[in-house]
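Visitor: Chains as they are written, first to last, in this note's numbering: chain G, 1 to 251; chain P, 252 to 331.
No wet-lab data here; the hints were simulated from the structure. Be aware that one or more of the hints could be misleading.
[To be verified] Derived, one-sided and incomplete: chain P residues facing chain G with beta-carbon distance under 10 Å: (1) 272; (2) 276; (3) 277; (4) 278; (5) 282; (6) 318; (7) 321.
[As the list claims (entries may be wrong)] To list a few chain P residues with every Cβ distance to chain G over 10 Å, as calculated: (8) 256; (9) 260; (10) 275; (11) 279; (12) 283; (13) 293; (14) 304; (15) 305; (16) 308; (17) 309; (18) 322; (19) 324.
Just so you know, even glycine gets a beta-carbon here, dropped at the ideal spot from N, CA and C.
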Amino acid sequence: MTARARVWLFLVPALGAAALFVWALTGLPDFGHYRGPYGDVVNARVIPERHATSAVAAVNFDYRGFDTIGEEFILFAAVVGVTVLLRLERDEHEESPRDRAERHASIEVADAVALACIGLVAPVLVLGVYVVTHGHLTPGGGFQGGVILAGGPLLVYLAGRYITLRQLRPKGVLDLGEGAGAGGFVLIGFVGLVAGAAFLENVFPLGSTGSVFSAGTLPVINVSVGLEVAAGITLIVYEFLEQALIVRAGR
Amino acid sequence: MTDVLQALATLLVAASAVGVVLNRDPLRQAVAFAFFGLALFLLFLVLQAPDVALSAMVVGAFAYPMMTLLTLAKVKDRSG
């Protein structure tokens, strides 16, 4: 095919697609003018029905909580997949991080960077816990807070303390957190069944609106998801750091 | 005022997205992508979608660029 024919083969469908795209855009509701009924219904019902001020959290973990279980297990499967892919292969060996540190003595972390990173670890962890536990009150929740929590160990690494990070080696705890977090969500679903209601139905006491201990199952599920996400992302970070820093090709 | 902020944030997203595509070096691309994630976060923030903004920030500006960088470090070590 000549170059000219290829250009035409691209141009004609591209123009057609652009025309259809513009036509579709003209049919959209005006910017900022919401038409569907569901958002309004949820906004009106969420506080009387669930005592939760974050409508997004109520939709995600309650009204359509079953979907979110699926999403959580996508992440769970991804973490398991990464861990399996990044295992130590037959033609690789582990190199002591100390040796490596000596060879790369020139790449020293500046004191200011190390200090800033170490100083940020505690605030980042507190922020993560806050975002997880207030998911039913303000924007945020288990998924976002979990990733923020996983930022803590990464800051320790950025401060040049990889050896410290490796010595901590809380891999057993991380595996446990990953599994318990994912399983916890399903268990909370079964509490609904045991109480004689539907799977994942919000059967816990709803408490008073605006309190951390309110909205029934929502904060419990958020903590469970936060545990799973924090442990999962930290596991991935650990595996990647190990691969990048101490696993070497050859025996 | 809100319209101006929304227009600015949309332009920033478009510009940083084009920047990611035009960068051909994966290392620079990872850093450019982190800026794109940050722009996306600002867009969702001015569109008053704080939940999505938080997700965009932790995934776009943190998790994804970090994994790309670590993968690049590993690949470079394997080839060199």
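Visitor: For every hint, state whether the structure bears it out.
Guide: Results of checking the hints against the structure:
1. For the restraint placing residue 272 of chain P at the interface with chain G, the shortest Cβ-Cβ distance is roughly 17 Å, beyond the 10 Å limit, so the hint is violated.
2. Look at residue 276 of chain P: its Cβ only gets to about 18 Å from chain G, farther than 10 Å, so that hint breaks.
3. Because the closest C-beta pair between residue 277 of chain P and chain G is about 14 Å apart, greater than 10 Å, the hint is violated.
4. Contact between residue 278 of chain P and chain G, as hinted, is not supported at the beta carbon level, the nearest pair being about 13 Å apart and thus beyond 10 Å.
5. Restraint check, residue 282 of chain P versus chain G: the minimum CB separation of about 15 Å is more than 10 Å; hint violated.
6. Because the closest C-beta pair between residue 318 of chain P and chain G is about 6 Å apart, less than 10 Å, the hint holds.
7. At a threshold of 10 Å, the smallest CB-CB gap from residue 321 of chain P to chain G is about 4 Å, leaving the interface hint in force.
8. Once the 10 Å rule is applied to beta carbons, residue 256 of chain P is consistent with being away from chain G; the minimum gap is 13 Å.
9. Separation of residue 260 of chain P from chain G is adequate, the least Cβ-Cβ distance of about 13 Å exceeding the 10 Å criterion.
10. Look at residue 275 of chain P: its CB is around 21 Å from the nearest CB on chain G, clear of 10 Å, so calling it non-interface holds up.
11. For residue 279 of chain P, the non-interface assignment is confirmed: its Cβ lies about 18 Å from the closest Cβ of chain G, beyond the 10 Å cut-off.
12. Annotated as non-interface, residue 283 of chain P keeps its C-beta farther than 10 Å from every C-beta of chain G; the closest such distance is 20 Å.
13. Look at residue 293 of chain P: its CB is around 15 Å from the nearest CB on chain G, clear of 10 Å, so calling it non-interface holds up.
14. Not every CB of chain G lies more than 10 Å from the CB of residue 304 of chain P, the least distance being 8 Å, so the non-interface label is violated.
15. The claim that residue 305 of chain P lies off the interface is violated: its Cβ sits roughly 4 Å from the closest Cβ of chain G, which falls inside the 10 Å cut-off.
16. Distance to chain G contradicts residue 308 of chain P as a non-interface residue, since its nearest Cβ pair spans about 8 Å, not more than 10 Å.
17. Look at residue 309 of chain P: its CB is around 4 Å from the nearest CB on chain G, not clear of 10 Å, so calling it non-interface is violated.
18. In this structure residue 322 of chain P is not separated from chain G by more than 10 Å, as the shortest Cβ-Cβ distance comes to only about 7 Å.
19. The non-interface label for residue 324 of chain P is inconsistent with chain G: the shortest C-beta to C-beta separation is roughly 4 Å, within 10 Å.
Taken one by one, the earlier hints fail for this structure at numbers 1, 2, 3, 4, 5, 14, 15, 16, 17, 18 and 19, listed in ascending order.
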